[in-house]
Amino acid sequence: MPEHIPPPTEERVAYLESLVAQARTAAAVFTQYTQEDVDRIVKSMVLAGLAQAQHLARLAVEETRLGVMEDKTIKNMVATEFVYNYVKDKRTVGIIREYPDSGLVEVAEPIGVIFSLTPITNPTSTVLFKCIMAIKTRNAVVFSPHPNAWRCCAEAVRIMYEAAIKHGAPEGVFTCVAEPTLSDNVYLMHHKDVRLVDATGGRGASKAAYSSGKPALGVGSGNTPVYLEKTADLDMAVVDIITSKTFDNGTICASEQTVVIDDEIYDVALRKFAELGVHICNQAETELLGHTVIDPVKGQMQPMAVGQKATDIARMIGLRVKPNTKLLIAPIEGVGREYPLSVEKLFPVLAVCRAHSVDQALKLCMDVNHLGGLGHTAVIFSHDDDIVRRFGEAINAGRIIVNSPGSIGALGGVYNDLVPTFSFGCGTGGGNSTMDNVNVYHYLNIKRVARRTPAHMWYRVPNQIYFNMNAVENLRNIPSRSTLIVTNPVLEQMGHVDIVRRAMPSETVVRVLAIPDAEPEVKVVMQGVETLNAYAVDQIVALGGGSVIDAAKIMKLKYEFPEADLEELAAPFLDIRKRVVRFPTDKTNHARLIAISTTSGTGSEVTPFAVLTDKVRGRKVTLADYSLSPDVAIVDPQFVMSMPKGLTADTGIDCLTHALEAAVSVYASPFTDANALQAIQLVFQYLPASYQNPRDEEARTMMHNAACIAALAFANASVGVNHALAHAFGARFGVAHGRANALMLPHVIAYNASVPTKFRPSPNQRAFTAHKKYAMIADLLGLGGQTIEEKVQNLIAATEHLLDQLAVPRSIADLGISREEFERAMPDLAKIAFDDPSWQSNPRMPLVSELVELFWSAYRGRSVSRQREEMEACV
Amino acid sequence: MTTNEIVQEALGKLDGGRGEVILDFSSVSRIDSSDLRALDSLAQTAQAKSVKLALYGVSVPIHKVLKLAKPGGTGFSLCGC
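Read top to bottom, the protein sequences are chains H and A. Just so you know, we're using the working numbering here: the first sequence kicks off at 6 and counts up by one. Just so you know, we're using the working numbering here: the second sequence kicks off at 9 and counts up by one.
Please keep in mind that the hints were generated in silico from the structure rather than gathered at the bench. Some hints here could point you the wrong way.
[What the hints assert, rightly or not] BS3-like cross-link-like pairs, simulated, lysine-lysine; straight-line CA separation at most 27 Å:
| hint | chain 1 | residue 1 | chain 2 | residue 2 |
| --- | --- | --- | --- | --- |
| 1 | H | K197 | A | K75 |
| 2 | H | K219 | A | K72 |
| 3 | A | K75 | H | K219 |
| 4 | A | K21 | H | K95 |
| 5 | H | K171 | H | K48 |
| 6 | H | K171 | A | K72 |
| 7 | H | K452 | A | K78 |
| 8 | H | K197 | H | K212 |
| 9 | A | K21 | A | K57 |
| 10 | A | K60 | A | K72 |
| 11 | H | K48 | H | K93 |
| 12 | H | K327 | H | K303 |
| 13 | H | K583 | H | K452 |
| 14 | H | K277 | H | K327 |
| 15 | A | K78 | H | K171 |
| 16 | A | K78 | A | K21 |
| 17 | H | K93 | H | K171 |
| 18 | H | K452 | H | K93 |
| 19 | A | K75 | H | K452 |
| 20 | H | K583 | H | K836 |
| 21 | A | K72 | H | K197 |
| 22 | A | K57 | A | K75 |
| 23 | H | K171 | H | K95 |
| 24 | A | K78 | H | K197 |
| 25 | H | K235 | H | K331 |
| 26 | H | K452 | H | K219 |
| 27 | H | K277 | H | K368 |
| 28 | H | K763 | H | K777 |
| 29 | H | K314 | H | K303 |
| 30 | A | K72 | H | K452 |
| 31 | H | K452 | H | K95 |
| 32 | A | K21 | A | K75 |
| 33 | H | K219 | A | K78 |
| 34 | H | K592 | H | K528 |
| 35 | H | K95 | H | K48 |
Hey, can you work out the whole structure from these sequences and the hints?
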């Protein structure tokens, strides 16, 4: 309870408590009602309100001495008929909306007990409106009307309540505080069972509602600027403004307050106002008005003028006007505290101001808007769409009414399709929680039932893949006017380029660009783009290992999209479908990319990845997008027959790592599994032979196919933590990628097969299956074992045996890296590995401490299967 | 049985001075304000006689009403849910 407001007496507290208790019980009972129940009750209330519209209007005018009975009758009818028209088909009980495509369902939950303050200016219409909203949403309301309007409001509540009860509403659903006081309001606002404070009235009521600490709908006062622009239909505008400003003697807070008129039409506009019974004040009369109807100290309208007729106001201040005068117009020179009449005036006095340009008019309207009208309402009369747009952008108002009366236009449903309301949200500008026309949805908690959406998966591969010996001959059927072969000098010397050149159609002009055999640098790529442009190339043939193919991918990207920003395109992302940076689509040039791999490991000929080295900035840039995938892949083993043994081993292990990681990836699918499992089988079957006997054509062919097939899997399922570790370690110690993978692989299988310390949130992961997947692979390879654990161990043992056959180093220590050096590097290694996006598809989310453990396991390099045997022996 | 009939029957049993009275709500599909008042009154009487009240077989919608309206304060326990 604020200190300056005395608490209610004990007797009064008991009375207020009884009102809330009734409302609480009613709200509880109401939760059982169906949509049909509430719709039936609402209709009966609307009919009762319509029948009593004039009666309530008369009571309101008699009690408040504000406004016009005839207009208040119309307001009561709008509050019932128009509101009913809006709400009658709305679902407000149970499931109110369903979105099958996104798996979302919205369910209505009533608020409970609402404490509602209603204003003196629109007393009965506001009550009617809120009663209908409350029943439609199954809420109970304790009303506290303005103290000078409580009798007419209590009568409105009674009429609504009786109609509602007659048609089955719960007892006590509406109660109304008799002879309400500020103490009552403060007590009720803070009541534990009141769930929402809904305050319609002045700024004070709104502020008190928000200060209560309860969820609140506090809507408040305005100061509506009007721009009468020179293209407007002047006759219509003048009638609309008079209609609106005189409606209920200007008591609607959305009514026009200051009209800014273009100079070109200013005089004729005032003449038209005068012709329709408006008194145009001279300078002295304007000053008189400003000093009398506006409080000079507070700078606010005087209560004695609110809701009074123009003639009565004139009489009050000694201004002589014709007996039929309906509105007083006061020309002012500017807007602000020094121009008293530029503030809100809820009576038929309207300020007008001349503008000499559109900009000046907009600024004047903004000044009015900022003088107590932020977030409320603004009006423009114009047929210039651009000016209407500029007005809408400049003015901060929840309702920007175009070519219609402000007050009735803002109420909604009469002149436009705004939601009918008697409560105007003014947004944060007006200190409110909403800028909407308050409606049934503000009287509901809307629950959202979110079903797990099936992950949208994909399987994207190059359009054409040619494989087996002499597959390069397929180039003959691919037409090209100008082709650039991108390769490296060694392959050129080996005669591989000549083989490709001979396979091209005779009409194709073929040129060759030999680039260094290393991860491509920005400079090299840009030189390649220059060459592509110089020869107006329509086809690029990338002949080489991963580095050459990656370089060609990026050359093509920059050739087709010269504006592409490689740095930006390399921005990290969590989900490729939701990435912030999109690759460009509008091509400047067109070039087909044909990739011919000369190693059996990276699979770059079918993947959407490319790595670029930026030596200037000292960093690597990884690009990933399916637009990078080559258009055609040629998997011809003749280009790998002469691969040295070391390279055969390293690239073969890289291929196995791709397949194993894709198989257990959280993005694995039946499509990628088909590739991954096939590749694993091929590697175990053919890699030893390919390594031992380089001229074994079948083994070479199958390993070349395996590399491509594994790449098809990881191009769509990604890799895992093995690659994150290998990237960090390989870069730090200059170890070849495949060899680095080999050092980690047995340890990573063991790690992934054990229960994760932490699961990574991923809709793709329906269950933890990595250990089962490994066991399935063991079965596929015929490794034996009874339990999943045994099968996993057998897979690890088989992998270690394969590594032994390939004579690759089995520990980091074997590479000659000292323990101290490795320990010094560890913080960086762990950080870089954790930053690596590769692990994000890993079935087990690695903690940094676990990455450190894995690195040390790889350092020691003890056989994982041997360690287990030793442990079991100890047990 | 209606809620009112259940309450009347329970009131009779309160006089027996047993330690706990269980009200079978499994046939009650909807309750109104008067039912809640009756439950409230029953809870007060039971408390005066040191008898515990428990509701059995309460449907989900009625459970929600009871949670919101809290008849008898915390005088009821819900069992067999």
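Evaluation of the provided hints:
The suggested pairing of H:K197 with A:K75 holds, with an alpha-carbon distance near 15 Å, which does not exceed 27 Å. A threshold of 27 Å between alpha carbons decides the hint, and for H:K219 with A:K72 the separation of about 22 Å falls inside it, so the pair holds. Our distance criterion of 27 Å between C-alpha atoms is met by A:K75 and H:K219, whose separation comes to about 21 Å. For the proposed pair A:K21 and H:K95, the alpha carbon gap of about 48 Å is over 27 Å, so the pair is violated.
Restraint check for H:K171 and H:K48: satisfied, since their Cα atoms lie roughly 12 Å apart, inside the 27 Å limit. Restraint check for H:K171 and A:K72: the C-alpha separation of about 25 Å stays at or below 27 Å, so the hint holds. For the given pair, H:K452 sits about 23 Å from A:K78 by alpha-carbon distance, which is consistent with the 27 Å threshold. Between H:K197 and H:K212, the direct Cα distance comes to roughly 19 Å. Compliance with the 27 Å bound is thereby established for this hinted pair.
Of the pairs offered as hints, the one joining A:K21 and A:K57 holds, with about 11 Å between alpha carbons and a cut-off of 27 Å not exceeded. Between A:K60 and A:K72, the direct Cα distance comes to roughly 21 Å. Compliance with the 27 Å bound is thereby established for this hinted pair. With a C-alpha separation of about 8 Å, the suggested pairing of H:K48 with H:K93 holds against the 27 Å cut-off. The hinted pair formed by H:K327 and H:K303 fails the criterion: a straight-line CA distance of about 31 Å is larger than 27 Å.
A C-alpha spacing of about 26 Å is found between H:K583 and H:K452, which places the hinted pair at or below 27 Å, so the restraint holds. Of the pairs offered as hints, the one joining H:K277 and H:K327 holds, with about 16 Å between alpha carbons and a cut-off of 27 Å not exceeded. Between A:K78 and H:K171, the direct Cα distance comes to roughly 26 Å. Compliance with the 27 Å bound is thereby established for this hinted pair. For the proposed pair A:K78 and A:K21, the alpha carbon gap of about 22 Å is at most 27 Å, so the pair holds.
Taken as a hint, the H:K93 and H:K171 pair is honoured in the structure, with Cα atoms around 19 Å apart against an allowance of 27 Å. A C-alpha spacing of about 21 Å is found between H:K452 and H:K93, which places the hinted pair at or below 27 Å, so the restraint holds. Between A:K75 and H:K452 the CA atoms are separated by roughly 19 Å; this keeps the pair inside 27 Å, and the hint holds. This hinted pair checks out: H:K583 and H:K836 have alpha carbons roughly 25 Å apart, not beyond 27 Å.
For the proposed pair A:K72 and H:K197, the alpha carbon gap of about 18 Å is at most 27 Å, so the pair holds. Distance restraint check for A:K57 and A:K75: the Cα-Cα separation of roughly 24 Å lies within the 27 Å cut-off, and the hinted pair is therefore satisfied. Straight-line distance between C-alpha atoms of H:K171 and H:K95 comes to about 23 Å, which keeps the hinted pair within the 27 Å bound. Of the pairs offered as hints, the one joining A:K78 and H:K197 holds, with about 13 Å between alpha carbons and a cut-off of 27 Å not exceeded.
Of the pairs offered as hints, the one joining H:K235 and H:K331 holds, with about 25 Å between alpha carbons and a cut-off of 27 Å not exceeded. Taking the CA atoms of H:K452 and H:K219, the gap is near 20 Å; set against the 27 Å cutoff, the hint holds. Distance check on the hinted pair: H:K277 and H:K368 sit about 25 Å apart at the alpha-carbon level, within 27 Å; holds. Taken as a hint, the H:K763 and H:K777 pair is honoured in the structure, with Cα atoms around 18 Å apart against an allowance of 27 Å.
This hinted pair checks out: H:K314 and H:K303 have alpha carbons roughly 23 Å apart, not beyond 27 Å. Simply put, A:K72 and H:K452 have alpha-carbon atoms about 16 Å apart, close enough for the 27 Å limit, and the pair holds. With a C-alpha separation of about 16 Å, the suggested pair H:K452 and H:K95 falls inside the 27 Å cut-off, and the hint holds. Restraint check for A:K21 and A:K75: the C-alpha separation of about 25 Å stays at or below 27 Å, so the hint holds.
With a CA separation close to 21 Å, the supplied pair H:K219 and A:K78 stays within the 27 Å bound. Among the hinted pairs, H:K592 with H:K528 is consistent with the structure: their alpha-carbon atoms are about 22 Å apart, no more than 27 Å. In summary, the hint linking H:K95 to H:K48 is supported, as the alpha carbons are separated by about 13 Å, within the 27 Å threshold.
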